[in-house]
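Take the given structure of chain A and dock chain B to it, following the hints.
Each chain, letter by letter, is given below.
There are 2 protein chains.
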Amino acid sequence: MAKILRINMNDLSYKWEEVPSKWETLAGRAFTSTIVSEEVDPKCHPLREKNKIVISPGLLAGTKAPSSGRLSVGAKSPLTEGIKEANAGGLTATKLGRLGIRGIVIEGMPKGNDWYSIIISKDKCEIKVTNEYAGLGLYDLTTKIWKDYPNKPGIIGCGIAGQRLSKAAGVFGNNIENTDPGRYAGRGGLGAVFGSKRIVTIITDDSEGKAPEPKDSDKFTESITKLREALRAHPVTGKLKDDKGKPFGGLANYGTNILQNIINEAGGLPTRGFKSGRFEGAAKISGEAVHEIVDKTREKFGDSAEGRYGHACHPACVMRCSNVVPYEDTGKHHVGPLEYETAWALGTNLGIDKLQDVAELNRLCNDLGLDTIETGNTIAMFMEAGVIDFGDGQAAIELLKKAYDEKSIEGRLVCSGTKSAGEALGVTRIPVVKGQALPAYDPRPIRGIGVTYATSTMGADHTSGYTIAAEILGVKGKVTDPRALDKAELSRAFQSTTAYIDSSGYCLFIAFCILDNDDGFAGMKGSVDAFLGKDIDVTEYGLAVLKKEREFNAKAGFTNADDRLPEFFYTEPLPPHNVTFDVTDEELDMVYKDL
Amino acid sequence: MAKILRINMNDLSYKWEEVPSKWETLAGRAFTSTIVSEEVDPKCHPLREKNKIVISPGLLAGTKAPSSGRLSVGAKSPLTEGIKEANAGGLTATKLGRLGIRGIVIEGMPKGNDWYSIIISKDKCEIKVTNEYAGLGLYDLTTKIWKDYPNKPGIIGCGIAGQRLSKAAGVFGNNIENTDPGRYAGRGGLGAVFGSKRIVTIITDDSEGKAPEPKDSDKFTESITKLREALRAHPVTGKLKDDKGKPFGGLANYGTNILQNIINEAGGLPTRGFKSGRFEGAAKISGEAVHEIVDKTREKFGDSAEGRYGHACHPACVMRCSNVVPYEDTGKHHVGPLEYETAWALGTNLGIDKLQDVAELNRLCNDLGLDTIETGNTIAMFMEAGVIDFGDGQAAIELLKKAYDEKSIEGRLVCSGTKSAGEALGVTRIPVVKGQALPAYDPRPIRGIGVTYATSTMGADHTSGYTIAAEILGVKGKVTDPRALDKAELSRAFQSTTAYIDSSGYCLFIAFCILDNDDGFAGMKGSVDAFLGKDIDVTEYGLAVLKKEREFNAKAGFTNADDRLPEFFYTEPLPPHNVTFDVTDEELDMVYKDL
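Order-wise, the sequence lines are chains A and B. Sequential numbering from 1 applies to the first sequence in the working numbering. Sequential numbering from 596 applies to the second sequence in the working numbering.
Accuracy of the hints is not assured; some may be wrong.
[Claimed, not checked] For lysine-lysine, the following BS3-like pairs were computed, each having C-alpha atoms within a straight-line distance of at most 25 Å:
#	chain 1	residue 1	chain 2	residue 2
1	B	Lys659	B	Lys834
2	B	Lys659	B	Lys810
3	B	Lys1150	A	Lys593
4	A	Lys407	B	Lys617
5	B	Lys645	B	Lys617
6	A	Lys3	A	Lys548
7	B	Lys1120	B	Lys617
8	A	Lys402	B	Lys1002
9	A	Lys43	B	Lys638
10	A	Lys476	A	Lys22
11	A	Lys50	B	Lys870
12	A	Lys407	B	Lys997
13	A	Lys407	B	Lys870
14	B	Lys997	A	Lys402
[To be verified] Sample of chain A residues with no beta-carbon within 10 Å of chain B, all distances over it, derived:
#	residue
15	Glu49
16	Ile119
17	Lys124
18	Gly137
19	Asn151
20	Lys226
21	Arg278
22	Glu280
23	Glu306
24	Ala544
25	Pro576
Hints were generated in silico from the structure; no laboratory data involved. Note that the coordinates shown come from a computational prediction; the quantities given were computed from them, not determined experimentally. Quick reminder that beta carbons are idealized off the backbone N, C-alpha and C, glycines included.
Extracted from the complex, chain A is given alone in its bound form (with noise of 0.2 Å):
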């Protein structure tokens, strides 16, 4: 039986709990959001000890099933003040599942200075003083971790940022092969939810774990096998060579960031603070920017280059969209992944077009804990009031360096969300819905998802109803124009499709299996079927997960007037299309209407 680990940060408690009924079928996103909307006061102080950090590895974390090792982390969020799930690879989902851990709920505030760690392993869990692990960089701080806990590990946590509270904190987890705090839960600023409680990091050892057993296991096996077949047929998330056996497309050869040159091409891709939908700079940066940089390094250092492409983000992964940005001086590790999102926060929409700058101001966010969409957001916001050039990529650099001494206020500003600093330094333009910052998709010309960044209950958020797939990339052969007005139907299926994955614990991007291919959809299905023994409406169960973040969201104090996109996107003109974002208030309302 799957157990709930419940620990009490005010006298450094913890106790097992069984998973009540009611909560069988719940997992992932559906546990942390189920948790929240019913154990967290909507009006409470994120950052206070009213909040909860609810964690849960998806439904089959731990099992065979392909790329199923996603972890939900969820909270009251201080930068939206809405509910928030946030969800990442790494080990951790994975070492949890084998636990038979369905989630963790961590209460209260501890007095004092001290900061803590949560180590967990076989049934067990210590609540220990680790004030050795505060303050450091989190390549440091994994680096260490490893060599205290020779078992590999799976460690989630904050790091400085988080630490010191600022909105800008993601949560990071730890590579699957290596230590590096790549692995990011970014959004919404969880990792200052962790610095509130005065958790450093989570370590989990699964030694003496071992795989969930699904209810029907003849079934489970069958779906998984189905979903396999389909995602490794799908030219997205399969690895296929062309007739002269180059490889072409997919995200194992480019990662996300292959989406650089395509939503360039679609001039969605916002540039220098979302003034332009090209970036005439994007193929330098772009994913096949990365793959070449890999090759080349590999061809001159041979077996010492650490440039990776095809890399997977957790131990079930089998898109293997992951990649590590070699230095190309020396071949060695710069940073891992290097995703689509990061390099246009924190290179297109800065007009940064060196592929290094871009890496160094990544490796940068990880180490410091920081989500890099938020800070990439963040600091145009001092580009557009001044502080510093578009394009400067030194200048950004060093900016973000400033966040690792603690008495400058440059560097809290800079980890403290997009809105809070360019409200601080007078700019007027800027992108964030519900307090966050908009990720890599123009709205303007790509409306759907612009439906979806104005009313997911997340914030600006395009993982929570990627229209992008059908908008852009199409479905089943057919590309819904980007440009039509009536996509509330549109956002709230793939919102509703998203909740349920990211309670299964699968990895979003088989999306594009299960909508492109009919078995594909069916070994999803199935095997969350089989896992539960139960039958699971996939639309149904989603539209309940959202349901309950909306009445949170309520209760917190949203209304509609907060399902809207900021100003400058109605009145502002995108080139080269020259449009603006058209959707009206009552389609808007539409996606959430009578739910």
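Same frame as chain A, but now just chain B:
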């Protein structure tokens, strides 16, 4: 007939409009809140083209009614993101009244980087490029303008802080007999709205104006005489002497800062970031201390001494609560006025007990164009975060001086409001409601003012429903228990009467006398009725204003979740009485129930 001056900053045009009959009875706050609620999109960005600035002299401004020269400034607030009215004394209201101008509505936003001033005289308006007025400290600016315009015009506008769109920027006004920029419609960041429209100043010359004519002159004269006598007879608003001829109590002797010792005694004086209700240094920065230093420097420096108490804030003022604090070593003018709220925000709440340090911080705020309450609370955030120490006046002065340096990020942050600064610095005890910082009365031991802070349409604001009058000072000799929890009705009564007074042009401090003395009340109401030739119900009029403001805020996205105090007031008991804010949510929601 009174007129409306409507200015369009998009094309730098203006026109004169008749006051439509539906707005006939509206002036001051009733005028600004009506126009803002009817003409401004509640969801608009407060610092972009869709917001409007509405300026209106109180109804009786320019007449001989005692203490009737208040000016209202309204807009959507960049600090609260709700509706805002802030009012002040100074010269401009009287002059606008004498020019027959009921209100000024400023729309749009000019293109380009020029800075403008609006020059108003009898039936004339000029919108002028005045780049030489931008970027100056306000002492220099007002001196320069009185040289450029020798008729000693009224001046209002924004300083450096507003020009940079800082959220703590107030709208300054000049003093009556010198150019001191010490009259502030300070709250809600309205100075930044001026800055967003690139307006530095509005300069009003009433040389050819005349006092407006009441509809019923006899009744008007009779009523204002009645009110004047009641004001003179009241110990708070008159200047009385004891048996031995020594002055006692009274605003004219000690100014509003007489409250420093009174609220300290009551245990409700928020000290060092709302951590205690008693400040051991209160007496040193009290109104009595100012009185003493004025007397001392007069004795020492004779006619060249510039310190003052019993100073009027606008031409018709009879209460004279204003003052000028002299430099102790020269007797020269340091700052004026040093109000209670300011001495609290820049003294008590920062643990600073050196009067000259507090005066210097006040002078810097006046020079930069900053609201002292917001700025004091913001500096407290820097202290709470350990950037500078509580009690260190020189460090606070150095911090605030950084605001002169356009490139200083600390300088930007210290002007950006308590919430932005607190959040950027990782503080979780941030004393704001609806984004606006709390004034000088702790709501834990004095619950009625807490109800006003929580529920006011304006964000935390003592002037919007000053229950302190009943809870500490007493009405008709009877004090309402400050610790009682059923304060909804009391707060609502104060809030509605205030909305009426804020529209009449009368200074809010007539409230002491109209509450205690039926003749005072009759004089106030009679004068308004006689001026309009109507019978206006005080409560109905006030509630109608509040209703419009609430409706605007609801459309802007406010819910009852916004009508709450920050969490720490509910959980941290305040010494010396060791009480928390125990008013229920239901009680808070009763204030505006069925409005």
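- Mind checking the alpha carbons of Lys3 (chain A) and Lys548 (chain A) for me, to see if they're no more than 25 Å apart? holds (22 Å)
- With 10 Å as the threshold, tell me whether Glu306 (chain A) passes as away from chain B on beta-carbon distances. holds (35 Å)
- Given the proposed pairing of Lys645 (chain B) with Lys617 (chain B), does the C-alpha separation stay at or below 25 Å? Satisfied, since the Cα-Cα distance of roughly 24 Å is no more than 25 Å.
- Decide if the proposed pair is consistent with the structure: Lys407 (chain A) and Lys870 (chain B), CA atoms, cutoff 25 Å inclusive. holds (24 Å)
- Query: Are the Cα atoms of Lys1150 (chain B) and Lys593 (chain A) separated by 25 Å or less?
  - Reply: holds (18 Å)
- Does the claim that Ala544 (chain A) lies outside the interface with chain B hold up, using a Cβ gap greater than 10 Å? holds (24 Å)
- Item | Non-interface claim for Glu49 (chain A) versus chain B (Cβ beyond 10 Å) | violated (8 Å)
- Quickly compare the C-alpha distance for Lys659 (chain B) and Lys834 (chain B) to 25 Å and report which way the hint goes. holds (20 Å)
- Under the criterion that the straight-line Cα-Cα distance not exceed 25 Å, is the pair Lys476 (chain A), Lys22 (chain A) satisfied? Roughly 37 Å separates the two Cα atoms, so the pair is violated.
- Query: Does Lys124 (chain A) sit more than 10 Å from chain B, CB to CB?
  - Reply: The claim stands: Lys124 (chain A) keeps its Cβ more than 10 Å from every Cβ of chain B (closest is about 32 Å).
- Task: Sort out whether Lys997 (chain B) lies within 25 Å of Lys407 (chain A), counting only the CA atoms.
- Result: At roughly 16 Å apart (the allowed maximum being 25 Å), Lys997 (chain B) and Lys407 (chain A) satisfy the hint.
- Query: Is the hinted pair Lys43 (chain A) and Lys638 (chain B) satisfied, with a Cα-Cα distance of at most 25 Å?
  - Reply: holds (22 Å)
Against the hints set out earlier in the document, violations occur for numbers 4, 10, 15.
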